[in-house]
Amino acid sequence: MPDFSKVSFFVPCLVDTIYPEVGRSVVKVLENLGLEVDCPREQTCCGQIAFNSGYRSRARRLAERFITLFEDAEAIVCPSGSCVAMVKHQYPLLFQADPAWLKRARDVAAKIFEFTQFLVDVLDLTELGARYSCTATYHDSCHLNRHLGIHRQPRRLLRGIQGLRLVEMEDADRCCGFGGAFSMKYPDISLAIVQDKVDNILASKADIVVGCDMGCLMNIQGRLNRLGSSVQVKHIAQMLCE
Amino acid sequence: MTNIEIGAYRDVALKSLQNQTLQQALSCVQGRIGKAASYAYQQLPEGPGLRQVGHELRMQALLELDVLLQELADQVRSRGGKVFFAADGDAAIRYCLETAAKNRVKQVVKGKSMVTEEIGLNEALLNAGIEPTETDLGEFIIQLAGERPSHIIAPAIHKTRQEVGRLFADKLGIPYTEDPAALTRAARSALREKFFAADMGITGCNLACAETGHITTLSNEGNIRMSTSMPRVHLAIMGMERITAKLEDHAVLFRLLSRGAAAQSLATYISYAGGPAGPDEIDGPEEFHLVILDNGRSRILADPEFREILCCVRCGACLNVCPVYGKIGGYAYGHPYAGPVGAVLNPLLAGLEKGKDLFFGETLCGACRDACPVDIDLPRMLLAHRARLIEGDARANCRAKAGAMEKIALQGWSKLAEHRKLYEAAHNTAALGQRALPRKTGLIRRMPPPFSAWTKGRDLQPLAPRTFLQDLQKKDRR
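Heads up: the protein sequence lines correspond to chains D and X, in order.
The end of the first sequence is residue 242 by my numbering, with every number in the run present.
The end of the second sequence is residue 478 by my numbering, with every number in the run present.
It is possible that part of the hints are untrue.
Claimed, not checked - Computed list of lysine-lysine pairs in DSSO-like fashion (alpha-carbon distance at most 30 Å, straight line):
#	chain 1	residue 1	chain 2	residue 2
1	X	Lys356	X	Lys456
2	X	Lys415	D	Lys205
3	X	Lys415	D	Lys185
It should be emphasised that the hints constitute simulated quantities derived from the structure, not laboratory data.
Whole structure, please, built from the sequences with the hints as guidance.
The following block contains the structure:
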């Protein structure tokens, strides 16, 4: 294990404001591994909402804020592929014309890790001693899977959970239709896409759908609940701390 | 007459969502070709990394475009072919009509060509009293139906065989059948007459080759080769970006293109044409014309943010994997280019504000990038369109045009996110305010506007009473 004694926890805004239990699970998993978890208290949002909506100067201000808050970290861990992809790939783009900030952005980008990536690739762990009796299916979030190339890591972690049976749904790597503001701007299209995802989840006969991004999971959960399904959604951190 | 149209994205999308036949057809094409193409890249002897090689070849050709086009034109002219550089669709159409008039052309057979859709050539020919016949089976079907292509390489994907059966019974006078083989035979015999009668063949061009001075056409039906070799005159129209430096580049790019388009190792027919038939050649046209079309492409070439879209070889692979295209089909994107590539290209050709629903109406999932045979970063350009519309871009002569309500919302959110205390205060207020909202098994059932868009078909997990960081702080104090 590399000698990290301390990691900085970048809390995605959806975790901070809607799903704090996911944040608590992340802290628990990391602390159980003997790591000190630092949560910078001033953090808010990485700026992805502004960036994806075209408001780059706003996004730049939030990026500067993020970089300032996190640049002294040894390693930054975040339970969202989407937020990590923002920092890793889009921050450097935002500061293309500003060499000083570009360097700082790249330094931060080099030490940010998505939660499952950190556990599997950095710490080389796949069995954390968790137990969870259920049949689970895994949803690949697009930014995590395609932009960061992370799809094996969460599955290895899930297979390491005692009592958990992992079943693959059809088209696990197909978009759930969330797309951030897309889901509100074009609700009919978004709904049609999430309906396919939910159909595939239900066909898998899993009782839990696990993911690594609360944006996608909020979308899937919302549709499942509307249909009266009892299938639960869980962030992978919640499965790993049981 | 340039024929770029961006219509009512939302309305057309909604209609498509309600069209069950279309939904089945789209799901079928994506389930088959979309997945098979990804598998086909894996089977490349060089591995899927060949897509990046293809990208480099395309970008390199774009950087040398002026030289390559001149080389192509010189070689075609040296063989007795005519070359015309058309600044826009109008100029291209004028040249086509003049050529047709000089040759007293009454009937034209066409190979499938998106660039002729882009300039509205068929309408122009009809207006001039010339009858164009589409000879690609899919294009033939939609021409009979009086419709437009809804997919770049599978133009009639929105039609079932029953619909085609009724159409053929009506227009070709054959007894009704829905047997695909019988329908294809009927189209074949109807088209055979057209090939014999045509005075001119009009085709597009997949990729020209500067080194040898040829244009190429790829097809699976043999119809393009018939269109280029049977009529007296062959006129090819190519977008000016569709060229490679060397013949060996085709060995990479056509294998990629065929995989992206139809998960094939190589298209069934690849034809090279570079001039009229020589004195000792039995086959081939008496006249050969090449129209090289700009129509906004120079402007895109000069724009470093969007130059990459000119790498596109129009294979349609991005349509076959896009979750949005998979639901709304081709028509919502306007005309002529559908799917993710249309969402980038149509606004560049028709105007950013007119096309804003195209680039905002994508989920940014990135499937299109992985499917692209030449690795075009379409999501990057969707984002670049958004930024240019919202903030303007002096270099591209674009003024900012953000929607007022959204601007207030986004700026408000950003302001909150710049101040943790304000952010928490806003959260706490909203968390209190949401108590009155109706719930179902713990989730909110109905939200007020603008969030009502979310609760139209989904419930929503309510805000936590306190933020994660507030909780943490409280725990630490204990």
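How the hints compare with the structure:
no.	hint	in the structure
1	Lys356(X) / Lys456(X)	23 Å, holds
2	Lys415(X) / Lys205(D)	44 Å, violated
3	Lys415(X) / Lys185(D)	22 Å, holds
The structure fails hint 2 only (numbered hints given earlier).
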